[in-house]
Structure formats: structure tokens, C-alpha cells
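*Asks:* Using the sequences and the accompanying hints, generate a full structural model.
As they're listed, the protein sequences go chains A and B. Note that my numbering has the first sequence beginning at 26, numbered continuously upward. Note that my numbering has the second sequence beginning at 2, numbered continuously upward.
Hints are supplied without guarantee of correctness; some may be wrong.
Heads up, simulated PhoX-like pairs for lysine-lysine below, C-alpha to C-alpha not over 20 Å straight-line [to be verified]: (1) A:360 / B:319; (2) A:360 / B:54; (3) B:164 / B:390; (4) B:3 / B:54; (5) B:319 / B:281; (6) B:3 / B:390.
Residues from chain A that keep clear of chain B, each with C-beta distances beyond 10 Å, as calculated [as the list claims (entries may be wrong)]: (7) 118; (8) 128; (9) 147; (10) 149; (11) 166; (12) 169; (13) 245; (14) 287; (15) 339; (16) 366.
The hints are simulated quantities; they were obtained by calculation from the structure and are not laboratory data. Ideal placement from N, C-alpha and C gives every residue a C-beta, glycine not left out.
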Amino acid sequence: MVVRGVRDDDRATANGGTMRGAPGDMPDGIPEMPDATLDVPEGNGQPLPRALGLLSLGLGVAALAAPHQVGRLIGLDDSAPTRSVVLRAVGARELVPVPGLLFARRPAGWAWFRVGADLLDLLLLARELPHRRGERRQRVAATLGAVAGITAVDVLAAVRSGRSAGARRRTLRASATVTVNRPADEVYRFWRDFENLPRFMYHLESVRSDGDGRSHWTVRGPGGRRVGWDAELVEENLSETIAWRSVRGARVPNAGRVRFARAAGGRGTEVRVDLVYAPPGGAVGRAVAQLFGEEPGQQIRDDLRRFKQVIETGEVVRSDGSPNGLATPQQVLQKPARPQAVRPGS
Amino acid sequence: MKANCWQGRNSVQVEEVPEPRILNARDAVVRVSSTAICGSDLHIFHGYIPTMKHGDILGHEFMGEVVEVGPEVGNLRIGDRVVVPFPIACGNCLACQTGLYSLCENSNPNAGIAEKLLGHSPGGLFGYSHMLGGYAGGQAEYARVPFADVGPLKVPDELPDEKVLPLADIFPTAYMGAEMCGLGGGEVVAVWGAGAVGLLAMRSAYLLGAERVIAIDRYPYRLRMAQERAGAEPLNYEEVDVVEALREMTGGRGPDACIDAVGMEGHHSSAVLSGYDRVKQSARLETDRPHALREAIMSCRNGGTVSVIGAYAGFVDKFPIGSLMNRSLTLRSGQCHVQRYTRMLLDRIRRGEIDPSFVFTHRLRLEDAPIGFEMFRQKTDECVKVVLKT
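*Replies:* Laid out in C-alpha cells, this is it:
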């Protein structure tokens, strides 16, 4: 049994860092998988930065194309330099973060750029306000209020995107491999029925196949708390590979792949599982992190040992010291090797 | 029910514990009629086996009557009289299917612990630490037997318990020890340790073609038993230099094969050498005292085979690898793959070729297990093997 658990960081993701272990250390087995092919699927998406990107685009184009009208609208149409230079500069500046906000995977930096620009605008408007009277003064004040509101939204967007980038930094990867004494097609068929997975993956409460490659997964948390997500099948090669990932919007974006390869000499089938997931922050995140364990490699290693027991012997093997079957946390907290009293009602 | 439980170093106690029940569909529950104390139980008793817990039920040599079977056990019926092999083996994994039952890949739910100490995990054993499964042992009135469709051997009513109980461990272990010598006929085989396993290894060596067998021990009563019951030439290591004596007895060649039936708590005639390893073992600088193994390697003839069936747990010091390598020795070992031998050895017993019950010197009640342990450990009253009756 070979197990690798890697806590990823930005660097490993950025350089496409590979799973530990030299390539080719399993000559007859399964080649190492490059990271790029198994990525954390999108979670909740980035609706706010995208909206701010469109706002920036609108404001920028308006200020560049029609500085006079914009000047009138915000109450600064009485100064020629403002109309001709300042508003054009502001318009150009508004366009700078647009591509980043609309398309970047991590728009947090561009949102912070907007916050900086907002503060500059607020300063400018605040300086101009005392010099205005009547309707212009009202317009400048209204603009000041509007910009303050937008600033608040920009700060919110920047903080949220930053958190989601943080979640990406917490991306956990784990892989493990085991050899089972069964032909690859049988092992494949067993795994392809996702509803079998809770038989050996203890953190899963249930998996329900909804047909069409879609399935609903539920994990059980401390205190009976449940977290669920929908997953879709993304790759399927008969007797070789099954890959799945959570669909967009999952609270715990995750993806997995299992591969089956004939062991050298036909001595069974080598099964390798690679998992990647991004636990979110907050209470749900803590619950999920607890579920997967501090060491994700340990969880998947235990899963695979139980998988071997189930497919080879029919069920998870129990002993007096480990009455719940193989589980690393239980190995630390062994019960004495003697029969346990039957609890009343069980 | 009553069960003999480990209470920490040098202490066992018969306690009242809950009765076992079926936990897996391939389990059976056996009402124990006879159970024995093994030499390897003394390693636990002395506190040298890691990952034991207070209250663990000891015992891996037991037999009795099937009183309950799980839904997936098709070959046993309630009332069957069975001997239970000490390794727990699923019969489905590649190790089991190639006859390496004690290396079952599925029967150790605590494989992760064993991997840390041993690199890879062997299978689970009855009553032999949490690293090897955390299974309750058979020194009890009842025992749960996992994979009951694979291990337990039905035995005919006409054979008394003491004739077949050795099939649980000591006889197959001894036989495998002799088999690993690769005897082709006419060999000289030296056996370190004239305890129950050593005595049966001497008999097995003859069964497999050895021409001469030499027994090495320090207790005169055991050497006498080896001579009288196993036809061996005795050698007392407290009186002679073993390597020198064996060279003398074999025309300078050394024995063709050497069997270590002593294991991790060996002694040496030199108080200094004995003390050296004892101190290191106590300080946990080594887990095992390999006096017998060192001597077996140094004594063996060039190109010969050293077969290790005495129990070792971890790491040793001053291992004579130079002797092993430069003299083309073969080192073979293993916890016995009992299931491989039970039927064949039962046939030999039924045909009267061998009666392994001669090793039992003391019969006690289960309640007296602590007395049995003390007697066996102190070698009082010429004790070789204790059987406990429920």
C-alpha cells in the first residue's frame, strides 16, 4: 500500500507541481498523474466581481466618450480641466481592471484596485464639495454618496474573492493505491456503481445515482451535521478509469479519479485513487475538514484497505480492538482485545 | 464468561468478560474445550510484544465446539468439533491463495500499526497484540473465529483433544520449520530450543528425511525428553561451546540445517553476553535477544539453511550477516501458514505416524491460567507445555 497525501499551496498549483514520487516508480503500474488534469472544480463562482467589471466598463466608456454629459451629471461641469483631463483619466482608469474582473480566476487583486480608485474619487469629490453651491452641490453630494456605496460593494467583492483564493490555497490532494485480487473489469464495475462507495468510504453517508452520470453525495459530520453535493461523471474508460467532480455551486468543490491497471504478472489489479477538494472557510469548512481528517492521505488509504476487504472477502473485517473495522484514528484508540458488552437496545 | 487476560508485565488474571458474538457474516463462535499456553505467550507475559493493552484476552492455541455460525459460513454446523489455526486468514487474497495464510492481506484491521514497525503488515492473529489485529484470544470459555469457513479444521471424535490441539500452532509451526530446511534425505539437523515446538520440529525433521537430529537447550529434563521422545542427540549450551561442539559432532562440517525454535528471549551460557543483550533489550535498544539465531548462523555448514520459527518482534543487534553472506547460507522464516498443513498433519496423526500429545506435561483448569504461566516461565516441575481445560 502506497499512500501520498499532499497539502497543496499556490506554488504547487502554479507550476503544475506533480504528485510526489518519481515518475516511473511503478513501471508496470499506473503512471503518475499530472496535477493539471485533476483540478478543483468551481465552487460558488464569482458573480460580484463580474458585475463590478461590467460597471467599470460602463463608467469607463461613458467618461471617455461623453465627458461633458458625465461632468454635468456629477456636478463637476464647471471646470474645463476637470472635463477635458480628469474625467478622461478617470474613464481610462476605470477600464484598467475590467478584463481582470470579468475573466480572471482570482479577481481579488482587481477588486482591490477598484477600492483604491474609489478612495481617490471620494477624496476628489470631498475636496470639490465645499466649492459648490445649489444644484451642483447636491449633485456632487449625491455622487459622493453613490461612490461611497460602490466602495462598500468593492470592498465586499475584494474580501470575498480573497477568501475564495484562500480556499484554493487550502486545496487538499490525496492519493493512495492498493492491489486487489480481482480482475480489472470486476473492480471497475464495483466502483462504477457509486452507491457502493459508502460501504468502504466511512465519511460518506450515502451516494445516490440520479442517472445520466449525475449523483448526489452526502457526508456525515460531527453532531449529525450533513453536507451534500451533486457530482457528475467526467471520464469513463471501460475497466481503466472513472473520474468525477462536483458540479458548479458545491459547498465543498471536489473531484476524484480512480484508475485500474493489471498488476505485473497478472497478480490482481492495481487501483489508484486521486482526490482533490477545497474545503471552504467557516463552520461548514471546519466540519468538512474534520471529516476528511487532518491527513487526507490517511483517509483515502483506509478507504482503499476497506475496499480491498469488501471486494475480496465480502465485507469490512472487524476485531475486538477495532470493532468498526479498519480506521487509523481507531488504531490509536484501541479497545481491549475482548468482547464488548452488548449495548442495551442494539 | 471466564477469560485469561493480560494485566501488564508479568501478570495475567482470569476475569469475567462478555461472551463473544458474531461481528462478521463469516464468523463462528466456538465453545473452547482445550486451550494451550504457547512459548510465544511468554514474550507477551514478559512485556516484550509491543501494542498489548491491559485486559486483552490471551491465547492462540484452542479448539472446541461450534456453537454459533454466521450466515456466510457454509461448511460448519453447530456442534462440529474444530481446531482453530492461530493465523486469521480470509482465503480470498493473493497471499491466502498462494498458501501464505499468516500473511493474509485482509485479516489485520490494524495493519497501519504493523506497517510502521515491520514495513508491511502480516495478517491478524488470535490474542497476539493490537498490531496484529486486536483479536481476543482463545484462553477463554468462548472465542469468536473470523473467516470460520477457511480456518477451523473439523476433527473426528475418536481423537482426544491433546492429540489434535497441537494442530492449532505448534505442530504445523514445527513441521514448517523442518520443511524450510529443504531436506532431501540424510541431513544433520540441529534444533535450538527443546520446548514443545523444538521437540516437534525434531520429530518433523525425521519425518522429512533427516538422518541425525541434534537438540540444543540448557534444561536437562528437556534435553532428556528430546533424546527419549524425539530421538535427538542432546547438547547443553551451558556446558559446551555450541559452535565448537557441533563442528566436533559433524566431522568439522557443521549441521546441514539449523532450526531456531527459541526466538526473542534467548539466553547465552556466558553471563556477560547474556547480560549484554538483556540490558539492551530492557533499555529498548534492541527488541530481541538473538543468541540462538546468532549461534545457528555461525554453526551451520557452508551453503546450509537456517530456518527461523522462534518468534521475533523487531530489531536485533550483532546480527552475523557476514557469516550468512560469505558462506552462502539460506535464511528462511515465517509465522506458520497453519492452514496449509492442518489436513495433512491430521492424516499423519490418524494414521499413527506421530502423536504430538507427548509435549503436554501439565493439565490445568482455565481458572488456573496464572499458575500455568508462572510454572511455564520458571520451568518448574519439568514443565514443557500447559493445556488449560474449561
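*Asks:* Does residue 166 (chain A) sit more than 10 Å from chain B, CB to CB?
*Replies:* 69 Å, holds
*Asks:* Has the given pair, residue 319 (chain B) with residue 281 (chain B), been kept, meaning a C-alpha gap of at most 20 Å?
*Replies:* 12 Å, holds
*Asks:* Hey, is residue 339 (chain A) genuinely clear of chain B, shortest beta carbon separation above 10 Å?
*Replies:* 7 Å, violated
*Asks:* Check the non-interface label on residue 147 (chain A): least C-beta distance to chain B beyond 10 Å or not.
*Replies:* It holds; residue 147 (chain A) is separated from chain B by about 60 Å at its closest Cβ, greater than 10 Å.
*Asks:* Looking at residue 366 (chain A) again, its CB stays over 10 Å from all of chain B?
*Replies:* Nearest chain B Cβ is 5 Å from residue 366 (chain A), so the label is violated.
*Asks:* Would residue 245 (chain A) pass as off the interface with chain B, using Cβ distances and a cut of 10 Å?
*Replies:* 21 Å, holds
*Asks:* So is residue 287 (chain A) really clear of chain B, every C-beta pair being over 10 Å apart?
*Replies:* 13 Å, holds
*Asks:* Would the hint linking residue 360 (chain A) and residue 319 (chain B) be met if the CA-CA limit is 20 Å?
*Replies:* 37 Å, violated
*Asks:* Can we trust that residue 118 (chain A) is non-interface, i.e. its beta-carbon lies farther than 10 Å from all of chain B?
*Replies:* Holds, because the least Cβ-Cβ distance between residue 118 (chain A) and chain B comes to about 59 Å, which exceeds 10 Å.
*Asks:* So if I understand the rule, the pair passes when the alpha-carbon distance is 20 Å or less; does residue 164 (chain B) with residue 390 (chain B) pass?
*Replies:* The given pair, whose Cα atoms are some 14 Å apart, holds under the 20 Å limit.
*Asks:* Measuring Cβ to Cβ, find out whether residue 128 (chain A) lies farther than 10 Å from everything in chain B.
*Replies:* 46 Å, holds
*Asks:* Find the nearest Cβ of chain B to the Cβ of residue 169 (chain A) and say whether that gap is larger than 10 Å.
*Replies:* 64 Å, holds
When the structure is compared with the earlier hints, violations turn up for hints 1, 15, 16 and for no others.
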